[in-house]
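Asker: 84 is the number that this note's numbering gives to position 84 of the sequence shown; each next residue is one higher, with no gaps.
These aren't lab readings, by the way, just hints derived from the structure by calculation.
Hints may contain errors.
Cβ-Cβ distance ranges computed for the label pairs, FRET-style [as the list claims (entries may be wrong)]:
{"hint": "1", "residue 1": "T101", "residue 2": "L42", "range": "28 to 34 Å"}
{"hint": "2", "residue 1": "T99", "residue 2": "E67", "range": "27 to 33 Å"}
{"hint": "3", "residue 1": "E163", "residue 2": "A107", "range": "23 to 29 Å"}
{"hint": "4", "residue 1": "A110", "residue 2": "E67", "range": "25 to 31 Å"}
{"hint": "5", "residue 1": "S4", "residue 2": "A28", "range": "22 to 28 Å"}
{"hint": "6", "residue 1": "G35", "residue 2": "G153", "range": "34 to 40 Å"}
{"hint": "7", "residue 1": "R44", "residue 2": "P150", "range": "28 to 34 Å"}
Since we're looking at a predicted model, the values are computed, not measured.
Idealized CB from N, CA, C, for every residue including glycine.
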Amino acid sequence: MTTSYALTVDAGLRDLRAADHLLQALAAGLALPEGTFGCTHLVRDDRPRVVVSFVLPSGALLGPVRERLTAEGHEVTDGVPDASGRAVVYPGARDLTGTLTVAEVLARSAIDRVTVLGAAGEPEPSARLVTRDHVRPQWQGGDLVLTAMPASGGTLVPFEVPEPTPCCADH
């Protein structure tokens, strides 16, 4: 993925779930074409927050997308804040539902590889992944990598759960 045609939106969000919703709403409202990547990025500075970025498939889209986002009141900057964004919008993301084999995940989406926590090497192409309809790969060294973990019945599940329990929820 080239980041030549990239924009970042800083809405001052504090959690990934809100950033996911913003990213999906913006992508839908902008009617972005196939080939667009939308990622979340954790910013750890004096004002910790989650920002969202779009990498567009064409430079011709940069101006119109920037203008529209700015007109909607968003703080927009060029580029991406880092190279390790967590992908929410990416080619094939909508096709990753239900239970799929690792080979199907790779064939249907922009995901380059799947890794399993605690396992050496990559899973077999025939390994079954229960997507929970929530597949959030992350950029690692220029590859879009989905981290999975073992689950019941010899299946795998994405490491990130769709509805995480907030820290200290029972306190």
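Asker: Each hint: holds or not?
Answerer: Against the structure, the hints come out as follows:
| no. | hint | result |
| --- | --- | --- |
| 1 | T101 x L42: 28 to 34 Å | 31 Å, holds |
| 2 | T99 x E67: 27 to 33 Å | 42 Å, violated |
| 3 | E163 x A107: 23 to 29 Å | 28 Å, holds |
| 4 | A110 x E67: 25 to 31 Å | 27 Å, holds |
| 5 | S4 x A28: 22 to 28 Å | 24 Å, holds |
| 6 | G35 x G153: 34 to 40 Å | 35 Å, holds |
| 7 | R44 x P150: 28 to 34 Å | 30 Å, holds |
Of the numbered hints listed earlier, the single one contradicted by the structure is hint 2.
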